[in-house]
Amino acid sequence: MNAAWLPLATLATSILAAVVIFLLPEESRRLRTGINLAAAVSKIILVALMVGRVSQGYQDTFSFQIVGGIDFVLRADALGVMFAGLSSLLWLCTTIYAIGYLEGAANRKRFFGFFSLCVASTLGIALAGNLFTFLIFYEMLTLSTYPLVVHAGTAKALAAGRVYLRYTLTGGVVLLLGTVMLYSLTGDHSFASERGLAPYLNDHRGLLTLIFVLLVGGLAVKAAMVPLHGWLPRAMVAPAPVSALLHAVAVVKAGAFGIMRIIYDLYGIELSVELGVTTALAIAASITIIYGSLRAIAQHELKPRLAFSTISQVSYVVLGVSLFGPFGTIGALVHLLHQGLMKVTLFFCAGNYAEELGIHRIDEMDGAGKRMPLTSIAFTVGALGMIGLPPVAGFITKWYLGIGAIQADMYWVVVVLVASSTLNALYFLPIVHRLWFRQGPAHGFGEWPKEQRLGRLETHGWLLWPAVFTAMVSIGAGLLAGLPFSPLDWATRVAIGEYLP
Amino acid sequence: MMTLLLLAALLWPLCAAGNVVWQAYQTPSARRNYFPLVWLTASWPALLLAYGGEAHWSIAAWMLGGEWGLNAISRPWLAFTALLWSVAAVHGRGYFVAEQAKAQAGDQNAERRLLRLALFWPLTFVGNVLLIIAQDIASFYLGFALMTFAAYALVVHSGSQQARLGARAYLILAVIGEGLILGGLLWAAGTAETFMLEGVREGIAAADHGAMMALLLWLGFGVKAGVIGLHVWLPLAHPVAPAPASAVLSGAMIKAGLLGWLYVLPLGAEELSPGLTLLGNVMLIAGIAAAFGAALLGVWQRHPKAVLAYSSISQMGMLTAMVATGLAAPAVWPLLLPGVILFAAHHALAKGALFMGTTISDHMPRWPKPLLFALIALPGVSLTGALAAGMISKWGVKHALYEMDHTYLIMLLTWAAIGTAALVSVCVWRQWQQRQQGGSNAFQWGAWLVALIAALITPLWLPLPEGSIVPPPLTEWLGIVWPFPVGVLLFVSVAYWLRKVGGKAPPAGDLWWLYSPLAAHGVKLAQAIGTRCKAVKGACVSVALAVEQHSMGQLTRLLSSEAWMRHHGSGLMMAFAVVVALLLIWEGMR
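Just so you know, the sequences run in chain order A and B.
First residue of the first sequence? That's 5 in the working numbering, and the numbers climb one at a time after it.
First residue of the second sequence? That's 1248 in the working numbering, and the numbers climb one at a time after it.
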């Protein structure tokens, strides 16, 4: 039994929401909020349905032919549903947050319209069943995030948007080139095919390697791997919910997820190892991890520091992908989810500090724990998770990646992991220290840069609760990792069921 | 029943922490009591748990699969740890009376400090309990990390310059230690494919690179246990922390490092690789070096708590040497283990009592001074092995070593006891010099007396397996006792001689003052490299931009030439047609 409507309906909810939001007038705030929330909740329900279907062993597929030999395919497989689950859960949180964040701001219609489109493209990327469909949604994501990045409309924002487009469109062209070459070599090639590209290995070894480099090179732009990361720190001018979404699910994750699809579903992990590309990828990821952490230490503002931290953390996923073996694979899959949860928490908190107290620089954060305790606890949880300390989810990832590295006989990866943990501690612990152990305006020393009293609690409730919720989920995902349907459990299921020989 | 006790042991301290936060919002600061009954009793369920007998729990949903248990090692360990925490909490209530009065009078700083301490104290304790009962890696690491990082708040309590330095040294070394532990655990667990501490132990014994894994873990836990070279945080952090915090820091928390060794190193395993034996010998030398070196440095300290910190390093050095025999001479280990546990338990309570004693001499009750100072010195005398539990614990170690003929080690340990005696004498002497009358509190001296008595009768209450405690025969008595009078005599003569000569004492934290300029230079170097790299990158970007601009200029010129062609399209076409026609004619004429 094939429920073809299910992936289509899931995708349609956000596209429909986008269309309706664009049609509504700017002033109808309540209706827009209602539609946003209804779409987000119904999408979570639909994704939950898909999770149920996948765990029963079905793969619901929707497809039609566009031209001869090229199909448009949406398929709900375990890996795709995992990413879809992450994006729909975080979309709900981010939508709630964005509603609170943009209270009274201009151009909200444009914002939420493109916001919905952006999520629709992320979902399309998650459910794409072949490279062609993937590419369509990948480009759609690029275009729908641009208006979000330049939302503020300042000269700085426009410049950042220009850089963003330069990087991502160039990456898209390279990806397109790789796709065309692959299609000309093999014809349409579904992600679900069992064979992989192994039959072409003997005759086209060089060509396969070239295509791999083109595909992964194109995707690495969005995954912000060094030296293709330049757009990410600049894109920090975007409003906080956009940064949160950009960093946690949409853009960087789309790149990392694409690399996963290429290696696991298109090439097959054994073929990739055979070609020797995984080692190169592991080295590139390690360089990114260390470089990102080092640059993060040098930042004096909160959001850029978090941005460089993202650069470093997303490459954990790529690193895990390139480790051949069960633990590395599980680590990569689960970090896709864990990093999303933790990073979104951090960005929510950064946004809260900026909105409520006007804090942008790290040295302005002294004693903020007293003024905004819940936000600061959430931030601390996220920071400890990034360092990889238990019980936060980051520890689980780090553990699996480390074990995976040992089993793949890549001992130097453990050194990279430990060094990265230490560097993470080096740039997150001082912030935590400032929050809780230093005295600042809350203790009567100086003043906050721009204090507003947005709500009855420490800040506006719409801003506060998403951060608290994602922080709690981050702890829960680490502390109760052994429960069924926890991120770790699902990642194990995906890895054992599909990708391991 | 045991499960209920376990839940209470872990949740009751969390309730105490929660209560602190609740009170902070509910009770006005003028009436707030920071150390209510729930806070004082935070560690009591854990103490009861230790006496409930052996038990085992597995919780599949917990992290990577939780396995907790109380066995021959963790039961006595939990007993002395929880007892020390309980006593120190009661002591703390008395110790902080003045500060609490200040806070109630409206001093915001005092209020903030007390709130922080009251909150992090039970959290640190939960970490300590969890790491003791954990048999799986994730729970152990969680407990260890929680204890380590929460204890920062205890060290930094007073917020003074000195306290911040001590706390910073503590934190930096803790992060380094965590990194080493993580690396070692990952390596060992990855090779053995296990989530359990026991698997790590077996994996290290069997693996090719077992010695390297063991080295990483030894150093990682060694940060806590004060292995020589990594010990620098102890003399910096202990004097600045409040006395009850110093007591648990030196009594319970540095023992967590020792427990880490017992849990992960393949001590007493048969057929160890030569690398592991070599590591055992290195550990032995490091331990002996710490035992003597710390005594030599410690006697110069002015602050009694700094002296005690060096004494802790020295004692942990002895324990390191004993643990090392588990690798260097595995056959002796089964006999030695109960002695090591007894030694650790006795040291925990005795050191706790000594640290609490430093506040007794600061706030002397109206007791006869000779009696008071005799009591203050008593746990120290016991530490040297001259009486009571100290004597029994020394013998517990010695007789195991005698059985296997390790006479050199026995001799070295005995000589190290001279250092202990000298350190204790210096500490009591410093306390005598700095004594102050007044401000004593019943909680304060009551808890101190309990700790003192508990230290002296350690073998009676420690839940060790039957028959593992051996009282020393009378003939051996002299061999155990003699270091104490010798140490005191040595101290007296050296002190007399120094009075005449004078000299400059080495600063507390010795090697820290070597490390920190080195690290500062390293950071400066990295910054210089960073600036250089930035310049190079800037140059690259500007070159690339120039190239881009140039090529764009070329392109634009090309485009303009295209416009010119369009403009003169008809003429060019005609010229083209003429050329083609001429070519055709030429072709036809051939």
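Treat the hints with care, as some may be off.
Stretches of chain A that chain B covers, calculated by requiring three or more beta carbons in the stretch to come under 8 Å of a beta carbon on chain B [claimed, not checked]: (1) 213-221; (2) 484-494.
No farther apart than 30 Å at their CA atoms in a straight line, the calculated lysine-lysine pairs in the DSS-like style are these [unchecked claim]: (3) LYS160(A) to LYS113(A); (4) LYS1784(B) to LYS1771(B); (5) LYS160(A) to LYS1784(B); (6) LYS160(A) to LYS454(A); (7) LYS1771(B) to LYS1781(B); (8) LYS374(A) to LYS1349(B); (9) LYS1784(B) to LYS1616(B); (10) LYS160(A) to LYS1747(B); (11) LYS454(A) to LYS374(A).
Calculated directly from the structure, the hints in this document are not laboratory data.
Just so you know, even glycine gets a beta-carbon here, dropped at the ideal spot from N, CA and C.
(message) Between the alpha carbons of LYS160(A) and LYS113(A), is the straight-line distance 30 Å or under?
(response) This hinted pair holds, its Cα atoms lying about 22 Å apart.
(message) Just to be careful, I want the Cα atoms of LYS1784(B) and LYS1616(B) compared with a cutoff of 30 Å; is the pair within it?
(response) 72 Å, violated
(message) With the threshold set at 30 Å, check whether the alpha-carbon distance from LYS160(A) to LYS454(A) stays at or below it.
(response) 21 Å, holds
(request) Take the C-alpha atoms of LYS1784(B) and LYS1771(B), compute the straight-line distance between them, and say whether it is at most 30 Å. (result) 20 Å, holds
(message) Would the hint linking LYS160(A) and LYS1747(B) be met if the CA-CA limit is 30 Å?
(response) It is violated: about 73 Å lies between the C-alpha atoms, which goes past 30 Å.
(request) For the pair we were handed, LYS454(A) and LYS374(A), check the Cα-Cα distance against 30 Å. (result) Between LYS454(A) and LYS374(A) the Cα gap is close to 17 Å, so the pair holds against 30 Å.
(message) Quick check: do three or more residues in the stretch 484-494 of chain A have a beta carbon closer than 8 Å to a beta carbon of chain B?
(response) holds (count 4)
(request) With a cut-off of 30 Å on the C-alpha distance, tell me whether LYS160(A) and LYS1784(B) pass. (result) 22 Å, holds
(message) Please verify whether LYS1771(B) and LYS1781(B) have alpha carbons no more than 30 Å apart.
(response) With Cα atoms ~15 Å apart, LYS1771(B) and LYS1781(B) stay inside 30 Å; holds.
(request) Quickly compare the C-alpha distance for LYS374(A) and LYS1349(B) to 30 Å and report which way the hint goes. (result) 20 Å, holds
(message) Taking beta carbons only, do three or more residues of the stretch 213-221 of chain A come closer than 8 Å to chain B?
(response) violated (count 0)
Checked against the numbered hints listed earlier, the structure breaks hints 1, 9 and 10; every other hint is satisfied.
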